[in-house]
Amino acid sequence: VAQLIWDGLFVGSFYALIALGYSMVYGIIKLLNFAHGDIYMLGAFIGFAALTSLGGIPASLSIGALLVVMLLSMALTGTAGVIIERLAYRPLRGAPRLAVLITAVGVSFSLEYGISAIAGPNPKAFPVRLEGNVFDLIGARVSLPQIILILIAAVLMILLNFYIQSTSTGRAMRSIALDRNASLLMGINVNQVITRTFFIGSALAGAAGVMAGAYYGKIDFLMGFIIGLKAFTAAVIGGIGNIRGAMLGGLVLGFVEAFGSEWFGGQWRDVFAFAVLILFLTLRPTGILGERVTERV
Amino acid sequence: MKSGKRGTILVGIATAVLLTTSACSGGLLGGGGDGAAGGDASGDSGPIKIGMVIPISGSSAPTGEYMKNGAQLAIDEINADGGVLGRQLELDVEDEACDAQQSVAGANKAVSNGVVVSVGGYCSGATLPTIPIFQKAGIPMIIPAANSQDLVNQGAENVFMINGTGKQQSTAALTFIKKEGFETVAIVDDNTSYSKDINTESRAQIEEDGSAEVVLSTSVTAGESDYSAVVRDIMGANPALVYWTGYYQEGGLIINQLKNAGFAGQVMVADGSVDPSLSQIAGAGAEGVFATMTQTPDTLEGAEDWIANYKKAFSSDPGPYSTQSYDAVRLAAEAIDKAESTDGDDIIKALEDIDGFQMFSGPLKFTPEHTLSSGGFVILVVKDGKFVLEDDLS
Chain F
1 VAQLIWDGLF VGSFYALIAL GYSMVYGIIK LLNFAHGDIY MLGAFIGFAA LTSLGGIPAS
61 LSIGALLVVM LLSMALTGTA GVIIERLAYR PLRGAPRLAV LITAVGVSFS LEYGISAIAG
121 PNPKAFPVRL EGNVFDLIGA RVSLPQIILI LIAAVLMILL NFYIQSTSTG RAMRSIALDR
181 NASLLMGINV NQVITRTFFI GSALAGAAGV MAGAYYGKID FLMGFIIGLK AFTAAVIGGI
241 GNIRGAMLGG LVLGFVEAFG SEWFGGQWRD VFAFAVLILF LTLRPTGILG ERVTERV
Chain A
1 MKSGKRGTIL VGIATAVLLT TSACSGGLLG GGGDGAAGGD ASGDSGPIKI GMVIPISGSS
61 APTGEYMKNG AQLAIDEINA DGGVLGRQLE LDVEDEACDA QQSVAGANKA VSNGVVVSVG
121 GYCSGATLPT IPIFQKAGIP MIIPAANSQD LVNQGAENVF MINGTGKQQS TAALTFIKKE
181 GFETVAIVDD NTSYSKDINT ESRAQIEEDG SAEVVLSTSV TAGESDYSAV VRDIMGANPA
241 LVYWTGYYQE GGLIINQLKN AGFAGQVMVA DGSVDPSLSQ IAGAGAEGVF ATMTQTPDTL
301 EGAEDWIANY KKAFSSDPGP YSTQSYDAVR LAAEAIDKAE STDGDDIIKA LEDIDGFQMF
361 SGPLKFTPEH TLSSGGFVIL VVKDGKFVLE DDLS
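Residue numbers (the working numbering), protein chains in the order written: chain F, 1 to 297; chain A, 1 to 394.
The hints are simulated quantities; they were obtained by calculation from the structure and are not laboratory data. All values derive from a computational prediction rather than experimental measurement. The beta carbon of each residue, even a glycine, is placed where N, CA and C say it ideally should be. Treat the hints with care, since some could be wrong.
From the structure, some residues in chain F lie toward chain A, with a derived Cβ separation under 10 Å [unchecked claim]:
| no. | residue |
| --- | --- |
| 1 | Gln3 |
| 2 | Asp7 |
| 3 | Gly120 |
| 4 | Arg129 |
| 5 | Gly139 |
| 6 | Arg141 |
| 7 | Ser143 |
| 8 | Asp179 |
| 9 | Asn181 |
| 10 | Gly187 |
| 11 | Asp220 |
Kindly produce the complete structure, drawing on both the sequences and the hints.
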């Protein structure tokens with residue numbers, strides 16, 4: 001059981017990092033940004049390009065180099081997120097919700113096949129591989145890289161939580177989520193706040209991309225698709241639009257998958273996980289931490 | 001879309017530039033331009049079109065590239081020798097993206113472009129729905145790579161498979177399992193038609209034989225990164241051998257994660273996982289991994305010249321199914337030549353009559369169900385990151 005909890009926690013923290021971007025963007029402009037999973041892929045490829053250009057890195061420095069590359073990748077994916085918002089979503093802000101949704105799907109395909117055209121469709125082996133001592137922790141096989149990655153994810157999420165709760169930009173984000181027009185009237189620079197939201201959400205996904213590349217060792221241009229769907233699911237489970245909900249949803253999905261595959265066998269894992277999702281949403285459509293939307297007349 | 005756009009641009013430019021464009025873009029233009037005229041497949045002027053529906057996009061795109069190049073190499077060689085029936089050959093490549101909808105669209109496009117033989121088919125799940133399309137149009141299919149038993153179970157008279165079937169591959173696996181004395185086996189597939197086929201087939205054969213026990217038979221979702229669930233299952237069942245029947249991307253990850261989890265047994269993979277990238281993805285864990293595979297250029301003796309030609313033409317190494325695609329085109333040319341006609345029924349008859357045609361997998365003679373009489377499967381092993389021959393099972 002300890003192994004299941006550990007595996008669930010590990011996968012769940014990846015889901016959570018990506019789910020945050022979905023949830024933040026949805027919370028603030030009610031857009032399901034289906035290109036978000038591909039930002040994760042983009043982050044992995046930026047990390048790959050940076051590490052390859054650095055050349056051979058001695059194993060002792062690999063963690064340090066990885067952190068630097070991760071920050072670089074976060075900056076670039078964040079910028080990419082901002083550009084995507086500016087070019088693809090902002091011109092459509094007044095358009096029907098469906099138009100923006102389809103645009104997001106379009107952005108997703110553009111990113112996937114753009115990267116495929118530039119970097120080639122072959123999967124790439126990541127130049128730095130996190131491999132470390134495996135030890136036994138109350139019955140679970142735990143490796144050092146796993147602990148490091150979970151810690152990085154936790155630190156990023158704590159920082160984000162602080163940013164949202166305690167800074168003026170964070171307050172502005174929350175107020176826009178509540179009522180954009182009122183925020184505008186209160187003198188909040190809505191466009192700037194939305195830009196920041198995209199930057200932060202995309203940077204988190206980029207970080208997850210580099211982490212996944214370094215841990216699993218393989219990246220390819222479609223790697224963001226399935227995990228994007230899973231993260232979206234996690235965001236909905238947690239209550240889409242709610243930051244803490246997204247973190248919680250990621251972990252819950254990780255646990256549900258781990259236990260589901262243990263109880264029913266691996267091939268039933270997704271069936272079980274998504275059956276839980278359906279059941280859960282029929283009982284509580286707003287997700288774990290989602291607030292009940294009151295109908296405004 | 002692509003060919004249309006390119007066509008418009010090229011029309012705009014002086015035609016002199018066109019003269020120097022490669023055979024490949026000529027094919028694209030020809031495909032778009034002669035649609036109406038080329039629809040009459042039995043017309044006896046102009047190039048003979050060979051259709052190839054393969055993955056050009058999607059996760060199997062790398063293999064599609066290997067296949068396209070292999071086929072193009074054969075076409076270039078045949079054309080340099082004067083073509084077939086006095087006419088040049090031309091390759092018409094359509095994308096299947098390893099997806100049933102795309103492959104149907106691709107096959108329809110190939111048919112309307114007037115191809116006389118199809119030499120495509122990599123993903124079994126995507127190749128299956130193209131069979132009725134080619135069958136209706138009376139176009140023979142020489143399938144170089146896709147090898148699910150389902151492809152021939154339909155009994156379509158136009159389908160010929162020059163890769164060993166899932167059944168033959170499973171038999172090779174069983175032979176090796178018995179030879180090495182593995183007592184417990186776990187079989188894992190990735191839920192695709194090809195992969196599941198080998199899983200069920202191997203399981204049935206091993207259980208019937210009784211010399212080994214299948215302790216686990218399960219599936220994973222392709223396209224993910226984390227396979228800790230199946231790794232946990234395998235560790236729990238603790239088999240002497242894990243047989244992975246899916247493709248190399250997931251295979252590499254599973255091998256790596258098994259090794260990190262401290263798995264002590266052996267791993268064997270099926271032919272979809274035989275790719276240079278497997279050991280890059282799996283890292284050190286790939287050493288000593290076995291594979292059931294037909295001979296590749298790397299393991300064949302006397303293929304050095306062929307590899308050199310390939311490298312010269314495409315400045316890259318050949319990969320899995322380059323040889324099969326090369327052979328498929330040569331076989332198609334041979335059949336058209338023997339039939340002295342581009343009519344589908346005549347070509348099918350000629351293919352059935354072929355006996356002893358030399359291919360990479362050995363002399364060819366089709367069984368009544370249009371598969372190879374012997375699968376030609378051998379066992380490879382990863383040594384220093386490369387697949388080398390371990391056992392030819394003879």
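Do the hints match the structure? See the list:
Interface hint status for Gln3 of chain F: upheld, as the beta-carbon distance to the closest one in chain A is roughly 6 Å, under 10 Å. A hinted interface residue such as Asp7 of chain F counts as satisfied when its beta carbon comes closer than 10 Å to some beta carbon of chain A; here the least separation is about 4 Å, so the hint holds. Contact between Gly120 of chain F and chain A, as hinted, is supported at the beta carbon level, the nearest pair being about 8 Å apart and thus within 10 Å. Taking 10 Å as the C-beta contact cut-off toward chain A, the hint placing Arg129 of chain F at the interface holds, the least distance being around 6 Å.
About 12 Å separates the beta-carbon of Gly139 of chain F from the nearest beta-carbon of chain A, more than 10 Å, and the hint is not met. Nearest Cβ of chain A to the Cβ of Arg141 of chain F: about 6 Å, under the 10 Å cut. The hint holds. For Ser143 of chain F, the interface hint holds, the least distance from its beta-carbon to any beta-carbon of chain A being 7 Å, beneath 10 Å. Residue-level restraint check for Asp179 of chain F is violated (minimum Cβ-Cβ distance to chain A is 39 Å; threshold 10 Å).
The restraint placing Asn181 of chain F at the interface with chain A is violated, with a minimum CB-CB distance near 41 Å, outside the 10 Å limit. With 10 Å as the threshold, the beta carbon of Gly187 of chain F stays out of range of chain A, its nearest partner Cβ sitting at about 44 Å, so the hint is violated. About 7 Å separates the beta-carbon of Asp220 of chain F from the nearest beta-carbon of chain A, less than 10 Å, and the hint is met.
When held up to the earlier numbered hints, the structure conflicts with 5, 8, 9 and 10 and fits the remainder.
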